[in-house]
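**Q** Sequence:
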Amino acid sequence: NPEDLKQAYRLADAYRETRDYESAAVVYKRVMEADNTNYPLARFYYAKMLKMQGKYDEAMIQFSDFKKNLNKLPDQAIYKKLLKCEQDGIEMARKNDKPKDIKVLHLDKTVNNNHVDMSPLYFGNNTLIYASLWLDTLRYFMPGDTGQKAPVRQFYIAKRTGDSWMGTGPAKYPFNHPDINSCNGALSPDGKRFFFTRCIKNWKGETICSIYVSRKETDRWTEPEEVVEVNHPQFTTTQPAVGTESRSGAEVLYFVSNRPEGKGGLDLWHAIYNAKTGTFKPPKNCGGQINTVGDEVTPWYDMQTRSLYFSSDGHPGYGGLDVFKTVGELRTWEPVENYGLPINSYTDDLYFSLMPTRDEGFIVSNRPGGFSHRGPTCCDDIYNFRLLSFIKIGLTGKVLAIQDSSIYKILEQRLEDQKNVGELDEEEELIEPAKGAIVNLFWQNEASKTDIFIARTQVDDEGSYFFSLEAEKKYKLVVENFGFFNKTLTTNTLGIIRSDTIRLDAIYINKIPLEPLVVKNIYYEFGRHELTEPSKKVIDETIYKIMSENPNIIVEIRSHTDSVSSAGFNLKLSQKRAESVVEYLIAKGIKKERLLAKGFGKNLPIAPNTNPDGSDNPEGRAKNRRTEFRIVGSLDQYSDIKYEE
Numbered sequence: 066n067p068e069d070l071k072q073a074y075r076l077a078d079a080y081r082e083t084r085d086y087e088s089a090a091v092v093y094k095r096v097m098e099a100d101n102t103n104y105p106l107a108r109f110y111y112a113k114m115l116k117m118q119g120k121y122d123e124a125m126i127q128f129s130d131f132k133k134n135l136n137k138l139p140d141q142a143i144y145k146k147l148l149k150c151e152q153d154g155i156e157m158a159r160k161n162d163k164p165k166d167i168k169v170l171h172l173d174k175t176v177n178n179n180h181v182d183m184s185p186l187y188f189g190n191n192t193l194i195y196a197s198l199w200l201d202t203l204r205y206f207m208p209g210d211t212g213q214k215a216p217v218r219q220f221y222i223a224k225r226t227g228d229s230w231m232g233t234g235p236a237k238y239p240f241n242h243p244d245i246n247s248c249n250g251a252l253s254p255d256g257k258r259f260f261f262t263r264c265i266k267n268w269k270g271e272t273i274c275s276i277y278v279s280r281k282e283t284d285r286w287t288e289p290e291e292v293v294e295v296n297h298p299q300f301t302t303t304q305p306a307v308g309t310e311s312r313s314g315a316e317v318l319y320f321v322s323n324r325p326e327g328k329g330g331l332d333l334w335h336a337i338y339n340a341k342t343g344t345f346k347p348p349k350n351c352g353g354q355i356n357t358v359g360d361e362v363t364p365w366y367d368m369q370t371r372s373l374y375f376s377s378d379g380h381p382g383y384g385g386l387d388v389f390k391t392v393g394e395l396r397t398w399e400p401v402e403n404y405g406l407p408i409n410s411y412t413d414d415l416y417f418s419l420m421p422t423r424d425e426g427f428i429v430s431n432r433p434g435g436f437s438h439r440g441p442t443c444c445d446d447i448y449n450f451r452l453l454s455f456i457k458i459g460l461t462g463k464v465l466a467i468q469d470s471s472i473y474k475i476l477e478q479r480l481e482d483q484k485n486v487g488e489l490d491e492e493e494e495l496i497e498p499a500k501g502a503i504v505n506l507f508w509q510n511e512a513s514k515t516d517i518f519i520a521r522t523q524v525d526d527e528g529s530y531f532f533s534l535e536a537e538k539k540y541k542l543v544v545e546n547f548g549f550f551n552k553t554l555t556t557n558t559l560g561i562i563r564s565d566t567i568r569l570d571a572i573y574i575n576k577i578p579l580e581p582l583v584v585k586n587i588y589y590e591f592g593r594h595e596l597t598e599p600s601k602k603v604i605d606e607t608i609y610k611i612m613s614e615n616p617n618i619i620v621e622i623r624s625h626t627d628s629v630s631s632a633g634f635n636l637k638l639s640q641k642r643a644e645s646v647v648e649y650l651i652a653k654g655i656k657k658e659r660l661l662a663k664g665f666g667k668n669l670p671i672a673p674n675t676n677p678d679g680s681d682n683p684e685g686r687a688k689n690r691r692t693e694f695r696i697v698g699s700l701d702q703y704s705d706i707k708y709e710e
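Position one of the sequence shown corresponds to residue 66 (the numbering used here), numbered consecutively onward.
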């Protein structure tokens, strides 16, 4: 009976949407076997329900059969992507079936109940804030029935006692509203603003969520205000998370929305906070590296590692919604990684977050074993997880400033004694802590061959700095200070298996000289301007090295000759020699706008070309045949160094 099949298909959809995977699979199979032509998606969802019961082999067979008739679907482009995601997820699950060294603990009935418990967030002072619909009994409410008041989700509090969490009841903050669903909390970096979601139904019966904020004033929270500039009146805006932008340090609000111009379903979006106006800039989509034709939800941003954790059913996963991790910000992200077992399961896993100690955190899941009012997977519960193999790795050191600008001596030592730039005897130089210096930490991602900004810190009065690192990673440090050369060095945590602190040798930074700097040992053939191979090596170790480590400085290459030949010939020759150095540096990747070439011929000798008796002075002429480089400006950082006419 066609009408029976239609009702059966609707019933299967209802089972799926209420996450009764076993019942949904039974009914989808019945519809699929009765009329696969008119209900082609019945097979897709039948396979999906099998997968979400952990029946990967059976699910793969059904997905493969569904693929045979994919071209008959009107929206085949979408289902082609979803199908690939599901099949790739099964292949991944088969290969990665070994759980990580993580212990997942189900919180007790003082926190979880038989309904949905969600959005756990560490609130400081051994406090957990989360949202729940707390009912002692199962009650039914009819939409549109004004005779009875339907319950709403509210924020609740749990306190840590020893090694466990115990619920203490509703949160006594203004975040809760007696008639409006409230959930999904997020704290600003300074802990003084609490973002959260309130959801109401519009005239169409659609649930529209909006983000609100409450501010902490002394020991109380203010009445919440709507964050109007990020919300959309016709589409949902929910699940806020807070991060920062690496260059400016500006606060960034990440959130979930189904508004137009997304990639499909629910997407992650971001909006940058303008501290001067106290408002957010217009929201932008987080891009295709994260967002898919499926749903991306429950973001949480780890500012210490610049990692974004979120859940998605549009990336290959073990079941429905899986937890994923990526590194980056705004619209620039590294390829996402599935967090693996046991954080993920063949059901839905979401709301990942870490505690400040970083060795434990929370997730929400409807995996079997939770408290439920109907079926083993109907309702989400909160879980506390412990990273059993977690190690803490610190990085510390000092930045010292060489104040006398003796860059000549430094480079001479670099060439003659094979020392690195900045490797000097402290007793011979005026050295003091580099007050005001900034140390930038980058993660060197070998897979994408990119340096990902992680953190920035200003040294203390002693020139000291400290970072927290992750295990099995390579890092780059870039030290910068106004009026000084940048300094770059690398370190790594490869092979470290216990908590430890890496102590680096002191980093010396050198003052940028305003006077020209002679670079020794750059030679040319007599009367020629082409660089010799030994000269190229010298440039690599001096000018190129300094310009690479200081990507903002503008350099003038200055070439000089001795007095042999005419003034006109020497002027042209020196100009061509300076241009040869510039062309070589450009070929190695230095931007053209950072380089100037100038030849002076024999006009600026630094030693006599002849002796007092008129005889030739080879030593003097050798000194005059020189190449110099001079810092003449900056793209932005060293604004006090001006061009000299």
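Hints are computed from structural coordinates only; laboratory data are not their basis.
Incorrect hints may appear among the rest.
To be verified - EDC-like, lysine to aspartate or glutamate: derived pairs with alpha carbons at most 16 Å apart:
{"hint": "1", "residue 1": "K165", "residue 2": "D424"}
{"hint": "2", "residue 1": "K346", "residue 2": "D367"}
{"hint": "3", "residue 1": "K539", "residue 2": "E511"}
{"hint": "4", "residue 1": "K585", "residue 2": "E511"}
{"hint": "5", "residue 1": "K610", "residue 2": "E497"}
{"hint": "6", "residue 1": "K576", "residue 2": "E497"}
{"hint": "7", "residue 1": "K656", "residue 2": "E621"}
{"hint": "8", "residue 1": "K585", "residue 2": "E598"}
Only a predicted model underlies this, so the values are computations on that prediction, with no experimental measurement involved.
**Q** Take the hints in turn and mark each one as holding or not.
**A** Checked hints:
| no. | hint | verdict |
| --- | --- | --- |
| 1 | K165 <-> D424 | holds (13 Å) |
| 2 | K346 <-> D367 | violated (22 Å) |
| 3 | K539 <-> E511 | holds (8 Å) |
| 4 | K585 <-> E511 | violated (36 Å) |
| 5 | K610 <-> E497 | violated (24 Å) |
| 6 | K576 <-> E497 | holds (12 Å) |
| 7 | K656 <-> E621 | holds (13 Å) |
| 8 | K585 <-> E598 | holds (14 Å) |
Violation of the numbered hints given earlier is confined to hints 2, 4 and 5; the remaining hints are satisfied by the structure.
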